[in-house]
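Whole structure, please, built from the sequences with the hints as guidance.
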Amino acid sequence: MTSETLMMNLLLAALACFGAGAAGALLTARWPGLSRVVGHGLALVGAGFVFALGAAGLMGGTLRVAIPEALPVGGLALGLDRLSAFFILVVAVGAAPSALYAIGYTRAYEGRCSLAGMGVAFNAFLAAMLLVPLARNVLTFLALWEAMSLASYFLVMTEGEREEVQRAGWVYLVMTHAGFACLLAGFLLMARATGTVDFAAWRGLSAGLEGTLRDTIFLLLALGFGSKAGVIPLHVWLPRAHPAAPSHVSALMSGVMIKLGVYGLVRVGFDWLGVGPVWWGGAALAVAALSAVLGVLYALVEHDLKRLLAYHSVENIGIILLGVGAGMLFQSYRLDDLASLALIAALYHTLNHATFKGLLFMGAGAVLHATHTRNVEEMGGLIKRMPQTAACFLVGSVAISALPPFNGFISEWLTFQSLLLSFQVSAPAVNLVFALAVAALALTGGLAAACFVKAFGITFLALPRSEHARNAREVGWTLRAPMVLLAVACLLLGVAPSIVLGPLNALALELTHASPEAHFGWDALVVKESFATASPLCLAVALVALLGAIPLALRVLGASARRRVYETWGCGRALQTARFEYTATAFANPFKRVFDRLYRPVEQVHVDAHPESRFFVRTITYRHETRSVFEDALYRPLIRFSQQVARRARILQSGNVHSYLLYILIALVTLLVLAR
Amino acid sequence: MGEGWGLLAPQSSLLTFLSMLTPILIELLQVLVIGLGAPLLVGAVRRLKARLQGRRGAGPFQPYADLRKLLAKEAVVSENASWIFRFTPYLLAAVALLSALIVPVLTARTPLGFVGDIVVLMYLFLLGTFFLALAGLDAGSAFGGMGSSREMAVAALAEPTVMIAIFAVALRAGTTSLGGIITRYQGDALLLLNPGHLLAFIAFFIVALAETGRLPVDNPATHLELTMIHEAMILEYSGRYLALVEWAAGMKLFLFLTLLANLFFPWGVALTLTPLALAFSFLALALKVGALAAGVALLETCVAKLRLFRVPELLSGSLTLALLAVVSFFFVR
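Chains as they are written, first to last, in numbering that gives the first Met the number 0: chain L, 0 to 675; chain G, 0 to 332.
No lab work stands behind these hints, which were simulated from the structure alone. All clues given are correct.
Using 35 Å as the maximum straight-line C-alpha spacing, the simulated DSBU-like pairs for lysine-lysine come out as follows:
{"#": "1", "chain 1": "G", "residue 1": "Lys72", "chain 2": "G", "residue 2": "Lys304"}
{"#": "2", "chain 1": "G", "residue 1": "Lys72", "chain 2": "L", "residue 2": "Lys383"}
{"#": "3", "chain 1": "G", "residue 1": "Lys304", "chain 2": "L", "residue 2": "Lys591"}
{"#": "4", "chain 1": "L", "residue 1": "Lys383", "chain 2": "G", "residue 2": "Lys68"}
{"#": "5", "chain 1": "G", "residue 1": "Lys304", "chain 2": "G", "residue 2": "Lys68"}
It should be emphasised that the depicted structure is a prediction, and the values quoted were computed from it without experimental measurement.
Below, the structure written as structure tokens:
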């Protein structure tokens, strides 16, 4: 069996599994328990094939499928290169745990909504995400892209009877179609200018395009892909849609789907449009830095666990795009080896984010499952009630805060190095932009750590703050197993990054035409002629060894091993209840005060005193809200404007058949005149 | 790593054996200097501060006695706390010792220098801070939570300055490797005349104060509920746990002063691994860190603690200095 037929068989097997999963879920619709196991179980098997396909493709396997009859304008065209294979791998890494998790998690939806419908949408979503990176011409890509958006829309609307979910679904639908319109316009312009709808031909032809046309195409495609990736200010759908969806779908959307926006941006910046002018990379870098910092700042004041995680996706997309933007800038300055380093950092962070964000959303789902609330202020003490979920969530928290020895640290370290190496560009203004990007990335890292101290500490530590949290119990094994799996992946990718960095190096060299410079071995990562070295494996081993040696040393020194369990010290007050604990609101308050220009907090205190005396307080209500600058300044005027336009246009809709006939006549004549 | 180790010429098998042991000995020496020196440093700063303020103060060796007493005592642990509370002191000490292996304390050719550059080092410290803040929340007391929240706010806001100061240093050295920076700077005779270098030093000094919880950001001597940051977080600790936390905090201070001393004033740091060079390096370190510690004591005597919401102003000031250091490189190169 040649490698091409092997790849073909893997693809067909994966698609067959997703098809069978969808069909099986439908056929067993009368038995919801069976339907969820069949639908998601087959999806899990399919994800296994996707993983194999991605891994084989990353090693250099290729694939070509062309069925001209299947679609108009170029037909159905699929192909596989290393970049596509890498994103397919990301899809698999997100999809497999999510499918396993769904088997147990969707039990709670039995009787509330159609599990057959969920099974079909889930399988369709996975199949579409698998095929999007494989698309090789305009129409194939757009059809699959739209299928992906619609399948995820149906999954978001799982609990469509709730008003909050309806609103989220609506915002998602509008934003995703606005993005689609931008993509369509960009693709059509590109196809007209180059005379072909075949992606493979674009790279060679794009250099000959006229400057403003090329810039317009870049902007349109960047807007389209950026809205799917969730960069600020196109992020508004993310914190609404991700919490509204069931947790395994949130994990997929946040971990994988938005990454396909990154895939598009990498294609635009490194493949389709060739090497662009300096401002492309500069703009990407600026938007990335903004997304990273503002994403984490919004996450800090968020107390809905899943919304908090959704804002962190905005932040991490920002970190990924810092690498992509830096790479584009380096390309413009013909520093191809640096461009490849920046691209490696961005892609590695893409994979890492899929692992830890999937893990965290599943952890949040487990907590939601156990406590029936997403509000962190009602949690607490869960580390004793759900120890394994807590340990997994802690691993995810440390990883997303970019702390060693987990995977988030490695990709952030690589991103830092590629930004620091920017001193090789000799243009002071650009150097300053890079310096600000370094500061933004550093601030993001610190704030993310603060945010996850809050998220983990308030949710899992100290005393339970509500009856729900007090009665929480550990979740079943189908929910725990995928979390443990992803936690292990976070550690593995953090300790032995060379497993992925080696193939990624080959990928980046292919895209940027650089010569191999970096060394990513088991022993150490060496960047750019030993500009920087790090050895994640040695670091982890040394840390573990020291952690083991210190208790031994204490024993040798004759330290006391006695321990008394006693109540928390509290200035002599009689008892401790959860009301004495620091809340998430209080924890975030210093940040609120420091960044009050951004949050523009609205604070209301209402004291209801007894009519006899104002010193007898009956209740105090305290409201503290932060407002979104982007919604107030950008989206509300836009919505108001479109409503006004619609109101004006209503005059045309008289309901009179004669006037409609007149419109048709006018339109016909106009077209005839124009087309003459 | 590499060629520097074999300086004891391998003439006999004993010498070969010794030269193989050299890297281990060097690392052991570094850990001993930091680990054993940290309480003395803390004690000396306290003593000097007391003298400057007209008090007699405890002797500089007092922290050793404190640690010994704490180690012998029973540890009281809150009934609300989880394993995080008990694990954190060990992690803090491990992080500090690991840093002592990486930082060029005595020599620029630390055998384990390849394990991490200055960026790795800063994120290692952040790992410790992360867990300490969690431990502060773990017992469920309002003080602990307050300390955690403030500590994370200061740490997060200091992070950009740290990285930009690193950027400024790495720019002129052409590397982020700690040993590499020292090697490169030792050859630069006009180092101290470089405005970028001095600006980066001041910026890094300010964040070092913030990261190690010194005045004007945090007062290490206070236990007043409303003003403490670091002390509020560790309020629940006692016995051997408190001993480890205090020891680790001392080592962190020593490591930051060592970084300031050896990166910005690299003279004296051994480039070769002969016993003489190492002894000289140790003397130079003692002098430089002593001078910096005296500076810290003097500063803590002269300035008052800033209000918490004035701290961001101090940190953004230091960020500006660091950015200027970077900009000066690009415009005068």
